[in-house]
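Undergrad: Residues per chain, in single letters:
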Amino acid sequence: MIQFENVCKHYGSNVVVDRLNLDVEQGNLVTLIGASGCGKTTTLKMVNRIIEPTSGKIIVNGENVLKQDPVQLRRGIGYVIQQIGLFPNMTISENITVVGQLLGWSKSRMLSRAEELLSLVDMEPAIYMNRYPNELSGGQQQRIGVLRALAADPETILMDEPFGALDPITRDQLQNEFKNLQTQLHKTILFVTHDMDEALKMADTIVLMRDGKLVQAASPEDMLRNPADDYVVNFIGLDRTLRSPDEVLVEESMIPDPVTIEINRGLAEGLERMRKRRVDSLLVVSHDKILSGIVTIKDLQQNLAKGGRIGDVMSKDPTTIHIGNTVREAVLEMARTGVGYLPVIDDHNKLKGLITRASLVNVLSDVLWSNPEAQPEGSASDRAKEVQVR
Amino acid sequence: MMNLLGAATALFPIQMTSKSSVFARVVKVISDNPDEFLTALGQHVFNLVLIPVLLAIVVAVPLGILATRHAVLEKVFLTIVNILQTIPSLALLTLLIVLGLGIGTRPAIVALFLYSLLPILRNTVVGIKNVDPFLKEAALGMGMTGWQRLRMIEMPLAFSVIMGGIRTAAVICIGTGTLAAYIGAGGLGQFIVRGLNFFREELLLVGAVPSALLALLTDYLLGRFERKVTPRGLAIGDRPGHQQ
Ligand SMILES: Nc1ncnc2c1ncn2[C@@H]1O[C@H](COP(=O)(O)OP(=O)(O)OP(=O)(O)O)[C@@H](O)[C@H]1O
Ligand SMILES: [Mg+2]
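Going down the list, the sequences are from chains L and X. In terms of the working numbering, the first sequence has 262 at position 262, counting the first letter as 1, and numbering is strictly consecutive. In terms of the working numbering, the second sequence has 50 at position 50, counting the first letter as 1, and numbering is strictly consecutive.
No wet-lab data here; the hints were simulated from the structure. Some hints could be false.
Said to hold, decoys possible - SDA-like, lysine to any residue: derived pairs with alpha carbons at most 25 Å apart: (1) Lys187/L x Glu63/L; (2) Lys136/X x Asp69/L; (3) Lys67/L x Val171/X.
Predicted model only: the values in this text are computed from it and were never measured.
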């Protein structure tokens, strides 16, 4: 069990962890999640005193860590880092039992423990015991990284983005393996991630941090159903937009009736429409809603004195996306071109809608928290629900 | 120009004879006095290379380790050995004599020891500092004490870099050691000094060629030794565990 009581960490005037209170119950896996720089790693490293807290108390197994000898404390806590950090000068078996060696285990005890653990992750001991880390794949290396943390059978394990450096497929495998392992071992685990999918998959409790503060601590189910505030909603939404974007089509997340203007209208009329509809750009269409260009408030203001038609000042050939493309493709296209919105067109160049960053977030977060019964059959939300369960 | 050349020939009127006859004379010098040659070689290897380099290892490696623990020490140590390195060899030898070390082997050993400090110290510092910080953190997180981290992680990973420094030091000693003959420390330099004094080309070569070969051989053997004791996981070439 790990308890944080009013834990703070300051670097000068910079408050990195701010009055954190948190209990990691015995046998639970708690994920710390939040934007980069919000203090997850700092929080984790204060537990094994790689970083010393500025104030507050951290209690591991009933005893304040600051009262314990850091070397002894660390030998009793498993530690896995994203960079894996296997010792390249030691064999796999030596790496696995390095803590045992520090604790003065006998050679035979270390060997049998290494064999036992390798078998646990289906790595044939005869093959791997005497290899060196650089003779293993990344996924195998991190399996060893995890085994090294388990070897001395610590009650508590700290993991800092343990699967973050792996390719998606390997990551998924290791997550599953580790989850199975945890159901057998019931360790008390503090697990840092920035991947909401990973948090939802692994956690008994998800702790969302922001600027060093705890925003919400809840079970995955609870966090999805009752997000504490907009930040949580956005965080989960944003993240999932980036995570499962290949199943959602652009037409499901576009604004279906963006503000348009006909190509032959005057500039003043364009400005008036922008003011009324509170937008700062208009999609320019010709007859039959064929997309011709985009005009921004700047284009209009700069040319207002000269007069003329919308068609004269608009930017032609805007970046667009076709109906039937996925949200992933939309996101990639936005990233590639740096635009914040994409008009959606069909094969005849007819305007169908508009994708904006906000619309991407909204549709996916809407879908996540909507009440299934309240949704009409076959709606966009149904499709996205599949995304969620996947 | 002509005058300069003339002066040079006057100073070193070495007869440029055919190669085979020079070679024959070199062999003759050695075979006439094999004991003298072997004694000189032995002096060179032991007094002018082995002893100063071993002393330098004993001093520079611990100082280098200390330097990686305190930034101030690193500055101080590296500045001192850098200054030592810039003193010209003969000046340093003379200085040591004047400082009361007398003439002979003692000042030579001290001078070569001082020259060996820089490459070994610098490589010790660099080797340890370049160990991947995440490995250091993993070692810390496993519960290693500072000493255990040094022994189990940092020194093994810095080993080949430190060995590089030792090889450099040995080669410096072999070369600079030829000058030690001027202050009566013996070694292969004796033949060079005598060859220059008596204008005898073959004597010069008896000193110069074996010391050049000795340098090459030493570097090669130390390289082999290094590869032999390096575990497979640290195979030279891609040196894992080091920041690039
Ligand atoms: N030694 C330090 N001195 C000053 N500031 C630091 C130090 N270490 C970390 N910080 C700051 O503390 C904040 C939190 O860092 P931390 O590593 O805990 O973030 P994180 O949540 O783990 O981020 P990431 O997801 O990027 O790993 C960051 O803003 C960082 O710049
Ligand atoms: Mg981090």
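Undergrad: In ascending order, which of the hints set out earlier in this document are inconsistent with the structure?
TA: 3
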